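Peer 1: Keeping their order, the protein sequence lines are chains U and E.
Numbering follows the numbering used here, in which position 145 of the first sequence is assigned residue number 145; successive positions increment by one, without gaps.
Quick note, the numbering used here runs 197 ahead of the 1-based positions in the second sequence.
A couple of the hints might just be wrong.
[Unchecked claim] Here are the simulated DSSO-like cross-link-like pairs (lysine-lysine), alpha carbons at most 30 Å apart as the crow flies:
id: 1; chain 1: U; residue 1: K50; chain 2: E; residue 2: K237
id: 2; chain 1: E; residue 1: K218; chain 2: U; residue 2: K21
id: 3; chain 1: U; residue 1: K3; chain 2: U; residue 2: K40
[What the hints assert, rightly or not] Examples of chain E residues lying across from chain U (beta carbon under 7 Å, computed):
id: 4; residue: I306
id: 5; residue: Q320
id: 6; residue: A379
Since the hints were made in silico from the structure, they are not lab data.
Just so we're clear, the structure is a prediction, and the values are computed from it rather than from any experiment.
In this text, a Cβ means the ideal position worked out from N, Cα and C, and glycines have one as well.
2 protein chains.
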Amino acid sequence: MSKGQQTRERIIQLAAPIFNKHGYEGTALSDLMEATGLEKGGLYRHFASKQELAAEAFDFAWATAVRVRADGMDGSGNAVDRLKRMIQNFVEIRTGLVPGGCPLLNTAIDADDGNAVLRERVQKALDSWLERLAAIVKQGMKRGEIQKNADASEIAALIVSNLEGALMVSRVSRNRQAMEWAKLHLYGYLEQSVRAR
Amino acid sequence: MSKGQQTRERIIQLAAPIFNKHGYEGTALSDLMEATGLEKGGLYRHFASKQELAAEAFDFAWATAVRVRADGMDGSGNAVDRLKRMIQNFVEIRTGLVPGGCPLLNTAIDADDGNAVLRERVQKALDSWLERLAAIVKQGMKRGEIQKNADASEIAALIVSNLEGALMVSRVSRNRQAMEWAKLHLYGYLEQSVRAR
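Can you make the complete structure from the sequences, with help from the hints?
Peer 2: The following block contains the structure:
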């Protein structure tokens, strides 16, 4: 990696928690300069715009979250158990993430209007999460671990909706109870309506 | 209502869609001046700060959403059916709201750090929504319409988490399917695990 690339990576890592905590609009150039110790010119030598830096920072924060949530999900385990493991990771693991909470939740609404670059990254992140979960369901159906008439896209969307919504409720109420309820609810749903009998 | 109060109300109504679409940080004073036709001095004659105007605008947008979502829920209907009606209203009614989508979802993350006035309003709005739903569940338990061992707070949190999370997924993917799935999932949950048998 060239020195320029190293600096670029370092800026992204330092900018990621700022954007994740304060949002795109809430992040001032001065915040980025303070976090990185660089002047405006130094920052813009590596990024064409604030939008580009925000998009790279989002990708970095999201990749970190994906890695944490996938912990223990590899391998050839039962599909339902792997879905439950991801849910457990989402609810219970709070270390190793970029500070500020789930990048998807933080950025989804922020990027909703007028920020095309960031919006595209957020949409791609959500799509790939949904596809990963749907792929596990489809594999489970092939292996006879999941009910034959299951809808992989629907199951994936229900899991993500439940978790992200519960995270929002938990953040607003400053109480993790909604996350625990979502976890237990999804476990029950997967056991009763998804797992093959 | 005095002329001053009328002007104040009009400013709140005109500011509400701006804040709801662009967020607190994304709303510039110039946007508010353009929407209301007032100069800075005119705006600050009625509100002590941008925070105060944003908080009033949120309350206005939220009150509108509450009214729309409560449509047809009054009266002495069966508790499970009233919960289903609220879910249906949330998913299906898209008119009569302040433009920009659900004020709670829009404002929850935005107000997360550093904006104490707005954060308090958002928390109050969420709490009152959860309490309204929990009260319906408790009434249903008393009347024998809902299972005796139900947890009213848990059921309320699951409904809100599902709906708000599905709304986020729908907004990011620009596809309403996740909302429809959440509705059907919650109907199934209420019929199978909540309604008294």
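Peer 1: Do the alpha carbons of U:K50 and E:K237 lie within 30 Å of each other, as the hint requires?
Peer 2: Since the Cα atoms of U:K50 and E:K237 sit roughly 28 Å apart, the hinted pair holds (cutoff 30 Å).
Peer 1: Against chain U, is E:I306 within 7 Å by beta-carbon distance?
Peer 2: holds, 6 Å
Peer 1: Does E:K218 pair with U:K21 here, judged by a C-alpha cut-off of 30 Å?
Peer 2: holds, 20 Å
Peer 1: Restraint: E:Q320 near chain U, CB-CB cut 7 Å. Satisfied or not?
Peer 2: Hint on E:Q320: holds, closest Cβ of chain U at ~6 Å, below 7 Å.
Peer 1: Next item in the hint list is E:A379. Is there a CB on chain U closer than 7 Å to its CB?
Peer 2: holds, 6 Å
Peer 1: CA of U:K3 to CA of U:K40, is that 30 Å or under?
Peer 2: Roughly 19 Å separates the two Cα atoms, so the pair holds.
Hint compliance for this structure: no hint is broken.
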